[in-house]
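As a plain string of letters, each chain reads:
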Amino acid sequence: SQKIEQNSEALNIQEGKTATLTCNYTNYSPAYLQWYRQDPGRGPVFLLLIRENEKEKRKERLKVTFDTTLKQSLFHITASQPADSATYLCAPGYSSASKIIFGSGTRLSIRP
Amino acid sequence: DAGVIQSPRHEVTEMGQEVTLRCKPISGHDYLFWYRQTMMRGLELLIYFNNNVPIDDSGMPEDRFSAKMPNASFSTLKIQPSEPRDSAVYFCASSLAREGSPLHFGNGTRLTVT
Numbered sequence: 001s002q003k004i005e006q007n008s009e010a011l012n013i014q015e016g017k018t019a020t021l022t023c024n025y026t027n028y029s030p031a032y033l034q035w036y037r038q039d040p041g042r043g044p045v046f047l048l049l050i051r052e053n054e055k056e057k058r059k060e061r062l063k064v065t066f067d068t069t070l071k072q073s074l075f076h077i078t079a080s081q082p083a084d085s086a087t088y089l090c091a092p093g094y095s096s097a098s099k100i101i102f103g104s105g106t107r108l109s110i111r112p
Numbered sequence: 001d002a003g004v005i006q007s008p009r010h011e012v013t014e015m016g017q018e019v020t021l022r023c024k025p026i027s028g029h030d031y032l033f034w035y036r037q038t039m040m041r042g043l044e045l046l047i048y049f050n051n052n053v054p055i056d057d058s059g060m061p062e063d064r065f066s067a068k069m070p071n072a073s074f075s076t077l078k079i080q081p082s083e084p085r086d087s088a089v090y091f092c093a094s095s096l097a098r099e100g101s102p103l104h105f106g107n108g109t110r111l112t113v114t
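As they're listed, the protein sequences go chains A and B.
Count the first sequence with the working numbering and you get residues 1 to 112, in order.
Count the second sequence with the working numbering and you get residues 1 to 114, in order.
Derived by calculation from the structure, the hints in this document are not laboratory data.
As the structure is a computational prediction, the values presented were derived from the model and not from experiment.
All C-beta atoms in this analysis are idealised placements derived from N, C-alpha and C, irrespective of residue type, glycine included.
There's no promise every hint is true.
PhoX-like mimics (lysine-lysine), calculated; alpha carbons at most 25 Å apart, straight line [stated by the list, open to error]:
1) A:Lys17 x A:Lys63
2) A:Lys71 x B:Lys78
3) A:Lys55 x A:Lys3
4) A:Lys99 x A:Lys17
5) A:Lys71 x A:Lys57
6) A:Lys17 x A:Lys55
7) B:Lys78 x A:Lys99
8) B:Lys24 x B:Lys68
9) A:Lys99 x B:Lys68
Derived Cβ-Cβ restraints for the label pairs, each shown as a range [claimed, not checked]:
10) A:Thr20 x B:Met39: 15 to 25 Å
11) A:Ser29 x B:Arg41: 17 to 27 Å
12) A:Glu15 x B:Asn50: 36 to 46 Å
In silico contact screen, one side only, chain A against chain B (beta carbon under 10 Å); selected entries [claimed, not checked]:
13) Tyr28
14) Tyr32
15) Gln34
16) Gln38
17) Gly41
18) Val45
19) Arg51
20) Lys55
21) Leu62
22) Ala86
23) Gly93
24) Ile100
25) Ile101
26) Gly103
27) Gly105
When you get a sec, could you build the whole thing from the sequences and use the hints?
In structure tokens, the structure reads:
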């Protein structure tokens, strides 16, 4: 069955360092992969989308990579700030279907 | 646009009671999704609609759960009868039909069944 795995443990990073979050998927051939941020008591908020024919995508301090051979996406936050502390979720998607399944999420904490 | 609106924000009910959660999607969006989030199971897709028609309800846990979308601007998720294990945060999300269109989530309904 289809499976999406993210860093199982919470990630604690010193402010200013680069945070790297992992999303691995099995039994999937997604056409794209989305990343979302979720703050406590709120719904997830879309951050970035990367397509299968794209190796890398950037948006300000965010960078996402997509390796279809390894079946993995990496999500990087450079020059991390305490305000980046949140849970981050990945969601692979298909071109012809709209069923969006989410990974379990990684809780990221940036300490000053 | 006000975004996806869910009500109520919190619901506390006793086991056996009927619970109805409500969602107003973003105007013009084609898809509507219902998710449930718990610490143990994460964010689970329950059901989704395209143009008010249910497309996939394979995530609905039991017959006690039902969802409707009578028109493009309103959807309900009903649990009857409710059980303590239904306690979770229920999210509604909507999106356009374009491939890769992001989901826009409401702020959820926190349901507690005692």
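Verification of the supplied hints:
{"no.": "1", "hint": "A:Lys17 x A:Lys63", "result": "holds (14 Å)"}
{"no.": "2", "hint": "A:Lys71 x B:Lys78", "result": "violated (37 Å)"}
{"no.": "3", "hint": "A:Lys55 x A:Lys3", "result": "holds (22 Å)"}
{"no.": "4", "hint": "A:Lys99 x A:Lys17", "result": "violated (35 Å)"}
{"no.": "5", "hint": "A:Lys71 x A:Lys57", "result": "holds (16 Å)"}
{"no.": "6", "hint": "A:Lys17 x A:Lys55", "result": "holds (23 Å)"}
{"no.": "7", "hint": "B:Lys78 x A:Lys99", "result": "holds (21 Å)"}
{"no.": "8", "hint": "B:Lys24 x B:Lys68", "result": "holds (12 Å)"}
{"no.": "9", "hint": "A:Lys99 x B:Lys68", "result": "holds (18 Å)"}
{"no.": "10", "hint": "A:Thr20 x B:Met39: 15 to 25 Å", "result": "holds (24 Å)"}
{"no.": "11", "hint": "A:Ser29 x B:Arg41: 17 to 27 Å", "result": "holds (25 Å)"}
{"no.": "12", "hint": "A:Glu15 x B:Asn50: 36 to 46 Å", "result": "holds (43 Å)"}
{"no.": "13", "hint": "Tyr28", "result": "violated (15 Å)"}
{"no.": "14", "hint": "Tyr32", "result": "holds (5 Å)"}
{"no.": "15", "hint": "Gln34", "result": "holds (6 Å)"}
{"no.": "16", "hint": "Gln38", "result": "holds (8 Å)"}
{"no.": "17", "hint": "Gly41", "result": "holds (7 Å)"}
{"no.": "18", "hint": "Val45", "result": "holds (7 Å)"}
{"no.": "19", "hint": "Arg51", "result": "holds (7 Å)"}
{"no.": "20", "hint": "Lys55", "result": "violated (17 Å)"}
{"no.": "21", "hint": "Leu62", "result": "violated (14 Å)"}
{"no.": "22", "hint": "Ala86", "result": "violated (14 Å)"}
{"no.": "23", "hint": "Gly93", "result": "holds (6 Å)"}
{"no.": "24", "hint": "Ile100", "result": "holds (6 Å)"}
{"no.": "25", "hint": "Ile101", "result": "holds (6 Å)"}
{"no.": "26", "hint": "Gly103", "result": "holds (7 Å)"}
{"no.": "27", "hint": "Gly105", "result": "holds (6 Å)"}
When held up to the earlier numbered hints, the structure conflicts with 2, 4, 13, 20, 21 and 22 and fits the remainder.
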